[in-house]
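Student: Whenever a hint applies, use it, and build me the whole structure from the sequences.
Sequential numbering of the sequence shown, starting at 11, is according to the numbering used here.
Keep in mind the hints are simulated off the structure, nothing from the lab. Just to be clear, a hint being listed does not mean it is correct.
What the hints assert, rightly or not - Restricting the straight-line Cα-Cα distance to at most 27 Å, the calculated cross-link-like pairs of lysine-lysine (DSSO-like) are:
#1 Lys18 / Lys70
#2 Lys49 / Lys74
#3 Lys74 / Lys87
#4 Lys75 / Lys39
#5 Lys106 / Lys37
#6 Lys113 / Lys49
#7 Lys54 / Lys75
#8 Lys77 / Lys49
#9 Lys87 / Lys49
#10 Lys54 / Lys70
#11 Lys100 / Lys70
#12 Lys48 / Lys87
#13 Lys70 / Lys48
#14 Lys100 / Lys71
#15 Lys74 / Lys18
#16 Lys49 / Lys100
#17 Lys18 / Lys77
#18 Lys54 / Lys39
#19 Lys54 / Lys37
#20 Lys77 / Lys48
#21 Lys70 / Lys45
#22 Lys113 / Lys37
#23 Lys111 / Lys18
#24 Lys45 / Lys18
#25 Lys48 / Lys18
#26 Lys71 / Lys113
#27 Lys70 / Lys113
#28 Lys39 / Lys71
#29 Lys75 / Lys106
#30 Lys70 / Lys111
#31 Lys75 / Lys113
#32 Lys37 / Lys87
#33 Lys45 / Lys100
#34 Lys100 / Lys54
#35 Lys18 / Lys87
#36 Lys18 / Lys75
#37 Lys37 / Lys70
#38 Lys106 / Lys45
#39 Lys71 / Lys18
A quick note: this is a predicted structure, and the numbers were derived from the prediction, not measured.
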Amino acid sequence: MDLRDQLKNLFPEHEEQDFEMPEEEFKQKEPLVCKFEKKGRNGKPVTIVEGWEGSEEDLKKVSKKIKTTLGIGGSEKDGTIIIQGDNRDKIMNILKEMGYKTKRVGG
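Tutor: Okay, structure coming up:
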């Protein structure tokens, strides 16, 4: 006897209904910070996007979209996206098209 049968025995007049959880769409509260950095990377320039509030899966999707659109390398971890080179303007445009607010820091 499974749980469903036990509940039918306890509540014989109850009619079972289908229920679907409403999908809640994620909204970024704070703007993503887009900055340029060279320090600690042997002089190699990188663009860093910080302030991600969503899940790691969504972070990877956004990072992949940026990397494939620009055709450059990068990585993502701990809520930050690291993209090779100084591509702040291009990255900010891509994020804006995806519906994210961005803020440019430095230079």
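Student: Indicate, hint by hint, whether the structure satisfies it.
Tutor: Hints versus structure:
1. In summary, the hint linking Lys18 to Lys70 is not supported, as the alpha carbons are separated by about 45 Å, beyond the 27 Å threshold.
2. Taken as a hint, the Lys49 and Lys74 pair is honoured in the structure, with Cα atoms around 24 Å apart against an allowance of 27 Å.
3. For the given pair, Lys74 sits about 13 Å from Lys87 by alpha-carbon distance, which is consistent with the 27 Å threshold.
4. Pair hint Lys75 plus Lys39 holds up; C-alpha atoms about 21 Å apart against a cutoff of 27 Å.
5. A distance of roughly 13 Å separates the Cα atoms of Lys106 and Lys37; the hinted pair therefore holds under the 27 Å criterion.
6. Of the supplied pair hints, the one linking Lys113 and Lys49 holds, its CA atoms being roughly 21 Å apart against a limit of 27 Å.
7. A C-alpha spacing of about 22 Å is found between Lys54 and Lys75, which places the hinted pair at or below 27 Å, so the restraint holds.
8. In summary, the hint linking Lys77 to Lys49 is supported, as the alpha carbons are separated by about 22 Å, within the 27 Å threshold.
9. Annotation: proposed proximity of Lys87 to Lys49 holds, straight-line Cα distance about 19 Å (limit 27 Å).
10. Distance check on the hinted pair: Lys54 and Lys70 sit about 23 Å apart at the alpha-carbon level, within 27 Å; holds.
11. The suggested pairing of Lys100 with Lys70 holds, with an alpha-carbon distance near 18 Å, which does not exceed 27 Å.
12. Using a Cα cut-off of 27 Å, the hinted pair Lys48 and Lys87 holds, with the two alpha carbons roughly 18 Å apart.
13. Using a Cα cut-off of 27 Å, the hinted pair Lys70 and Lys48 holds, with the two alpha carbons roughly 23 Å apart.
14. Taking the CA atoms of Lys100 and Lys71, the gap is near 17 Å; set against the 27 Å cutoff, the hint holds.
15. Between Lys74 and Lys18 the alpha-carbon distance is near 49 Å, which puts this suggested pair outside the 27 Å criterion.
16. Using a Cα cut-off of 27 Å, the hinted pair Lys49 and Lys100 holds, with the two alpha carbons roughly 22 Å apart.
17. For a cut-off of 27 Å, the pair hint linking Lys18 to Lys77 is broken: about 54 Å separates their Cα positions.
18. Annotation: proposed proximity of Lys54 to Lys39 is violated, straight-line Cα distance about 31 Å (limit 27 Å).
19. Distance restraint check for Lys54 and Lys37: the Cα-Cα separation of roughly 33 Å exceeds the 27 Å cut-off, and the hinted pair is therefore not satisfied.
20. A C-alpha spacing of about 19 Å is found between Lys77 and Lys48, which places the hinted pair at or below 27 Å, so the restraint holds.
21. For the suggested pair Lys70 and Lys45, the alpha carbons sit about 19 Å apart, so the restraint of at most 27 Å is met.
22. For the proposed pair Lys113 and Lys37, the alpha carbon gap of about 16 Å is at most 27 Å, so the pair holds.
23. Pair hint Lys111 plus Lys18 does not hold up; C-alpha atoms about 51 Å apart against a cutoff of 27 Å.
24. This hinted pair does not check out: Lys45 and Lys18 have alpha carbons roughly 59 Å apart, beyond 27 Å.
25. Of the pairs offered as hints, the one joining Lys48 and Lys18 is violated, with about 66 Å between alpha carbons and a cut-off of 27 Å exceeded.
26. Among the hinted pairs, Lys71 with Lys113 is consistent with the structure: their alpha-carbon atoms are about 20 Å apart, no more than 27 Å.
27. Distance hint between Lys70 and Lys113 is fulfilled; the C-alpha atoms sit about 20 Å from each other, no more than 27 Å.
28. Restraint check: the Cα-Cα separation between Lys39 and Lys71 comes to about 19 Å, which is no more than 27 Å; the hinted pair holds.
29. As the CA atoms of Lys75 and Lys106 are separated by approximately 13 Å, the hinted pair is consistent with the 27 Å bound.
30. Simply put, Lys70 and Lys111 have alpha-carbon atoms about 18 Å apart, close enough for the 27 Å limit, and the pair holds.
31. As the CA atoms of Lys75 and Lys113 are separated by approximately 19 Å, the hinted pair is consistent with the 27 Å bound.
32. Of the supplied pair hints, the one linking Lys37 and Lys87 holds, its CA atoms being roughly 20 Å apart against a limit of 27 Å.
33. With a CA separation close to 12 Å, the supplied pair Lys45 and Lys100 stays within the 27 Å bound.
34. For the proposed pair Lys100 and Lys54, the alpha carbon gap of about 18 Å is at most 27 Å, so the pair holds.
35. Between Lys18 and Lys87, the direct Cα distance comes to roughly 48 Å. Violation of the 27 Å bound is thereby established for this hinted pair.
36. At roughly 49 Å between alpha-carbon atoms, Lys18 and Lys75 are farther apart than 27 Å, so this suggested pair is violated.
37. For the hint linking Lys37 to Lys70, the alpha-carbon distance of about 16 Å falls within 27 Å, and the restraint holds.
38. Taking the CA atoms of Lys106 and Lys45, the gap is near 15 Å; set against the 27 Å cutoff, the hint holds.
39. As the CA atoms of Lys71 and Lys18 are separated by approximately 44 Å, the hinted pair breaks the 27 Å bound.
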